[in-house]
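Novice: Work the whole structure out from these sequences, hints included.
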Amino acid sequence: MPPSNVAAHPIILRYQNKISGPLLDRIDMQIQVAAVPHDQLLKHADGESSATIAARVAQVHAVQLARQGKENNGLSANEIDQYCKPDSAGEKLLSGAMAHLHWSARAYHRVLKVARTIADLGAADTIGAVHVAEAIQYRRALQNP
Numbered sequence: 001m002p003p004s005n006v007a008a009h010p011i012i013l014r015y016q017n018k019i020s021g022p023l024l025d026r027i028d029m030q031i032q033v034a035a036v037p038h039d040q041l042l043k044h045a046d047g048e049s050s051a052t053i054a055a056r057v058a059q060v061h062a063v064q065l066a067r068q069g070k071e072n073n074g075l076s077a078n079e080i081d082q083y084c085k086p087d088s089a090g091e092k093l094l095s096g097a098m099a100h101l102h103w104s105a106r107a108y109h110r111v112l113k114v115a116r117t118i119a120d121l122g123a124a125d126t127i128g129a130v131h132v133a134e135a136i137q138y139r140r141a142l143q144n145p
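Counted from 1, the sequence shown has number 55 at position 55 by the numbering used here; the numbering is strictly sequential.
Treat the hints with caution; some may be incorrect.
Unchecked claim - Computed list of lysine-lysine pairs in BS3-like fashion (alpha-carbon distance at most 30 Å, straight line): (1) Lys70 x Lys18; (2) Lys85 x Lys18; (3) Lys85 x Lys113; (4) Lys70 x Lys85; (5) Lys92 x Lys113; (6) Lys43 x Lys70.
To be verified - Restraint-style ranges between C-beta atoms, simulated for each label pair: (7) Ser88 x Ile11: 40 to 46 Å; (8) His44 x Ala89: 37 to 43 Å; (9) Tyr15 x Asp87: 37 to 43 Å; (10) Tyr15 x Ala62: 35 to 41 Å; (11) His9 x Ala89: 31 to 37 Å; (12) His102 x Val57: 29 to 35 Å; (13) His9 x Gln82: 28 to 34 Å; (14) His61 x Leu13: 33 to 39 Å; (15) Leu65 x Lys92: 26 to 32 Å; (16) Ala55 x Asp28: 21 to 27 Å.
Calculated from the structure, these hints are not laboratory results.
Only a predicted model underlies this, so the values are computations on that prediction, with no experimental measurement involved.
Note that CB positions come from ideal geometry on N, CA and C, so glycine has one too.
Specialist: Printed below as a string of structure tokens:
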């Protein structure tokens, strides 16, 4: 029988503490998802269809190919500097997060690529503070102490 959520918590923390920082740096998005109660799994939830989401992703993919000839995840450090420059508010937010969270250059670049993708999904030409903030949140789920 699997452990309960309460019992699993120390086990999860112990496992996460064994993951090296350089390995965590290579994970673009680290998202914690709360367990869904069994009775909620059986209920029909309203939401977007898979086809609608797939069309939006295809549109963003086309935007990325038109802008830079490749997807955001394939950008080099120089290309990130060229295509993923946040506005001044986004830059300030990212700079503060870097200092506070002690990120590596690799983590910094990954956050910028995720922020660019979030901006693309919102059809924004510029990466704003809201895009940077969301990208930072996706990065913070797993943190080595």
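Novice: All hints are to be evaluated individually against the structure, with a verdict given for each.
Specialist: Against the structure, the hints come out as follows:
{"no.": "1", "hint": "Lys70 x Lys18", "in the structure": "34 Å, violated"}
{"no.": "2", "hint": "Lys85 x Lys18", "in the structure": "34 Å, violated"}
{"no.": "3", "hint": "Lys85 x Lys113", "in the structure": "10 Å, holds"}
{"no.": "4", "hint": "Lys70 x Lys85", "in the structure": "17 Å, holds"}
{"no.": "5", "hint": "Lys92 x Lys113", "in the structure": "17 Å, holds"}
{"no.": "6", "hint": "Lys43 x Lys70", "in the structure": "40 Å, violated"}
{"no.": "7", "hint": "Ser88 x Ile11: 40 to 46 Å", "in the structure": "43 Å, holds"}
{"no.": "8", "hint": "His44 x Ala89: 37 to 43 Å", "in the structure": "40 Å, holds"}
{"no.": "9", "hint": "Tyr15 x Asp87: 37 to 43 Å", "in the structure": "38 Å, holds"}
{"no.": "10", "hint": "Tyr15 x Ala62: 35 to 41 Å", "in the structure": "39 Å, holds"}
{"no.": "11", "hint": "His9 x Ala89: 31 to 37 Å", "in the structure": "36 Å, holds"}
{"no.": "12", "hint": "His102 x Val57: 29 to 35 Å", "in the structure": "33 Å, holds"}
{"no.": "13", "hint": "His9 x Gln82: 28 to 34 Å", "in the structure": "43 Å, violated"}
{"no.": "14", "hint": "His61 x Leu13: 33 to 39 Å", "in the structure": "37 Å, holds"}
{"no.": "15", "hint": "Leu65 x Lys92: 26 to 32 Å", "in the structure": "30 Å, holds"}
{"no.": "16", "hint": "Ala55 x Asp28: 21 to 27 Å", "in the structure": "23 Å, holds"}
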